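Q: Sequences listed follow chains A and B, in order.
If you're matching positions, the first sequence starts at 398 in this note's numbering and goes up one per residue.
If you're matching positions, the second sequence starts at 561 in this note's numbering and goes up one per residue.
One or more hints might be untrue.
As the list claims (entries may be wrong) - Within a straight-line C-alpha distance of at most 25 Å, the following computed DSS-like cross-link-like pairs (lysine-lysine) qualify:
{"id": "1", "chain 1": "B", "residue 1": "K587", "chain 2": "A", "residue 2": "K421"}
{"id": "2", "chain 1": "B", "residue 1": "K587", "chain 2": "A", "residue 2": "K490"}
{"id": "3", "chain 1": "A", "residue 1": "K657", "chain 2": "A", "residue 2": "K490"}
Unchecked claim - If you want the footprint, here are the derived chain B segments under chain A, 3+ residues with CB under 8 Å:
{"id": "4", "stretch": "683 to 694"}
{"id": "5", "stretch": "712 to 718"}
{"id": "6", "stretch": "723 to 733"}
FYI, nobody ran anything at the bench for these hints, they're computed from the structure.
Remember, predicted model here, so these are calculated numbers, not experimental data.
Every residue gets a Cβ at the ideal spot worked out from N, C-alpha and C, and that includes glycine.
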Amino acid sequence: MTDINTTTISSLVAEYPFLTSFFKDNGLDVTGSENLTLVQYFAAFDSDEMEDRALDADNMIVQTEEFIRQMNAFLGKEDDVVKTVTILPGMDKSGNAEEFQELVIEQGEIISIVGPTGSGKSRLLGDIEWVAQNDTPTGRSILINGDVPDRKWRFSSADKLVAQLSQNMNFVMDLSVYEFVELHAESRMVENREEVIHRIIEQANSLAGETFSPETPITSLSGGQSRALMIADTAILSKSPIILIDEIENAGIDRKKALKLLLTQDKIVLMATHDPVLALMGDKRIVIKNGGIHKVIETTDEERTILSTLEEMDRTLLAYRTKLRQGEIITKIQTDWKEKSHA
Amino acid sequence: MNLVTVSGPPSSGKTSVILKTIDSLKKRGLKVAVAKFDCLYTDDDVLYEKAGIPVKKGLSGALCPDHYFVSNVEEITNWALKNQFDILISESAGLCNRCSPYIKGIKAVCVIDNLSGINTPKKIGPMLKTADIVVITKGDIVSQAEREVFASRVNTVNPSAMIMHINGLTGQGSFELSTLLYSEENHIDSLKGMELRFPMPAALCSYCLGETRIGESYQMGNVRKMKVDDDND
Ligand SMILES: Nc1nc2c(ncn2[C@@H]2O[C@H](COP(=O)(O)OP(=O)(O)OP(=O)(O)O)[C@@H](O)[C@H]2O)c(=O)[nH]1
Ligand SMILES: [Mg+2]
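Only chain B is shown next, with the shape it has when bound in the complex (with noise of 0.2 Å):
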């Protein structure tokens, strides 16, 4: 089975990149199911058994997004393993900014659209800087000069990246992008062993634990105050 990551901001479109990629994939007979991890509620489950696609859900709820992920995706992956699957699509919503869900040796796309403004490629950190595909959408409803200036930030920030244009919603590129993710050499068995592609933010401070009052009084563990003195610009 091969598994692939995908993550990327809110509503940037990874939903409607994967299902058309699926029509694909599906098309050369490959048995593909989705694990869907989201923080407080997604619809996107629904969509997936629509299209008669096998679908796991998570959510967080109270926990970081990204740390939970990495806590399930051994049990996800085993379960596809197990169904005989022949891929099987994470997809994940980044959002900090800060964390990618990305495994070394397991393929990882990153979808973020031409919306975002031009200087988001530079406020993505890992999720964007360590993909080995950038998938750009929402190009229908920009410029051409648009597409080129989004994409050659894209590629200020992550060069080794390859950059692909789809459109959600007729699914153009999405054919393009499913010839590269199913190969018999990225096969696995399991997740073990493997590690992650960036470490994430070592947490916990008082109110990562619950606390709700606020005051430094009741701030313990990582805490860091932001410098707000008058002659500090």
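Isolated chain A (complex conformation) (with noise of 0.2 Å):
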């Protein structure tokens, strides 16, 4: 690496054009200055500048090389693909051990999380999310392709394992669609953002009812719209290898379909549900009991079928849901789902 004492501030910004915003993002102006090291660009400021402007110029040094370092680092990686995620048991709260011998979840699967309340779901979320190592109060290890985990998932502020779509899907930014999804493309540093931002914004409305346009203000959005655009960026725009749900309403939002685009995004999905029509759509349901994992079931057949006839009842209901929203008088909808599945 270029030695950040001795080299002018021009040289280090044609290295690394990401310093302009940085320098801007941390109220310096270097321009006129291009031609001095960051050491002597704070050596011109008189002292009552430097406590003025709260700087502190051994500090800013340190804090440059590392952002340049931790953005090289982001930069020139290879994606790191995150093919399986394999939980080893721990214990549960009264300290027995978890009956099974390891999950391995892979790259595409969805993963259904049951039990109630308090149960122990958080914890095992946080674990996955902090690739536990034996040192969490559940005593459980997780390994990534099969080994143990580089630190970074642990530390790093860019390479977060799981993202997170809550079931409060609210935005309290004050912006239109296009500059909102923007502005998450910039902090990704994605390269074509502007076809990034309309792929997503065209997801988003293949998911959601209703459509909206891209200068529609975030927070005049529906729930369904909101949590279409939230899936679509989330999955598009996210670097985070594992998608974890917390319960989607069936409100305004095609479910199957948005669980279908994340999983061409060769996602892991994580759901927490107890919406028959969501867990069963899961290949496997893990079962949570007095805080440890009490059963992993694999989807059956039968449940596949009962499936089958679940998303028929709320299609109907949806529909139902429509007319009222359009004013009209309810009638009986005809459910025609066994033509359709013959079709």
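Dock chain to chain to rebuild the complex, using the hints, since each chain is given by itself in its own frame.
A: Next up, the structure:
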């Protein structure tokens, strides 16, 4: 790496273009000082000015160096492919060993997590996020691609193992849909930004019942539209290989399509839910009891058949909801799922 | 004993995070005490007491809260040493976004919340920029995208910090934080000879000393004027 102490600001910026915005975000105006080194640049401030602006030259140089290191690591690396996540058993709240050998979750799989509130779902997700190494209250260990994982999964802010789609998908920023996704894309430093942004909005619109435009303010999106945007955004922009979903409400969104979108992006989907339509879409489900993994159930053929029935009921309900919303008189909707399944 | 300084803007979730983290520390058999510093008012001491945590409270009143903190941190530390606590956690609010009570060689945690707006990391000075650990709270009420954008903004102003997401209501993430707060190596016997990470501002104008009248003739000491000419934009 270039010696930051002897290189001029202009050469630094030429080598690391991302420093332009880094300096700006840290309130450093370097125009006119391009021929100085950072040390010289800070030396030019008098001590009052440094104090005034709460600057600390040594700290700033250390931070700049660290930022360059992180960005190089980020830009230079091949995307880490997480093909499998393995959970090795620990124990439940009473200290009983969990009753499974090992649970291997593969890329493209959907795993449902069921169990009463407070049973330990959060701890399980916490263990995965923190890539537990027998050092959390449950004593579980997590392997990535079959091996003891790199510590960066724990400590780096750019490489998070788990992205979360929580129940409350509120937005607090005052931006249009386009600006919002753009901001996220910027922070992820994606190239071909415009194309990615449009792809996300298009996907979101295909998940939501009612469409919205890139200019719509995010705060005026309906619940379903917000969920759709969040799902499309997380699927396409989030680097995290695991997506955790905490119940997706059915209203205003095609949940099956949503899951499919996540899976086409090679994610692993973990879903905490008590909705049978969602839970049975999973390949397996983890049953949590008393803080431990009590059972791992593979979705059976009968369950899959039942799922089609449930999905049909779901569609019927949705159709009634649409009628209601459109101000119609409710009349009986014919369920024709048998015909459909033949087609 | 280990000293940990926690600070962050008002209502960012400091107490919630500290309480949940202490739960985990206690399970490891560690004895934890808290010193709460605030300006005019706080109920936090009641919350800590309710949780069975020994607590000392200090209100700076008319003094600059961060100056007040530095003037008292040694005494508080001695109190905690005398009582043989394993960890003393100080909680103080960053009231003007300028100062930070962090001490060289003492673990420094800054707590900020996702709701404070994405430009907030740029506005907070040394309190955020020189922290070892930055805890981001209230992720439960914003979207994944906002969490990611906010964390990346924090990383830009303090790349060396470890960034953690903690839900102050459920405590999700606080166990993980607790593992980073105590180590034999960080043991201290006193604060003698230690230094602040960042100097506090050289204040002292007439108003620091109680002047209430407005007008140039009453202003003495460290006074600075804004430029408000019409052509100054
Ligand atoms: N939704 C949500 N609320 C939170 C979270 N963390 C804290 N809160 C709430 O935010 C409010 C302020 O939290 P406190 O822990 O008192 O904040 P503080 O920083 O200690 O506040 P002061 O000491 O008064 O400056 C409380 O109502 C908490 O319940 C969180 O992660 N999510
Ligand atoms: Mg508090």
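Q: Would you mind marking each hint as holding or not holding in the structure?
A: Hint check:
no.: 1; hint: K587/B x K421/A; verdict: violated (44 Å)
no.: 2; hint: K587/B x K490/A; verdict: holds (13 Å)
no.: 3; hint: K657/A x K490/A; verdict: violated (35 Å)
no.: 4; hint: 683 to 694; verdict: holds (count 4)
no.: 5; hint: 712 to 718; verdict: holds (count 7)
no.: 6; hint: 723 to 733; verdict: holds (count 4)
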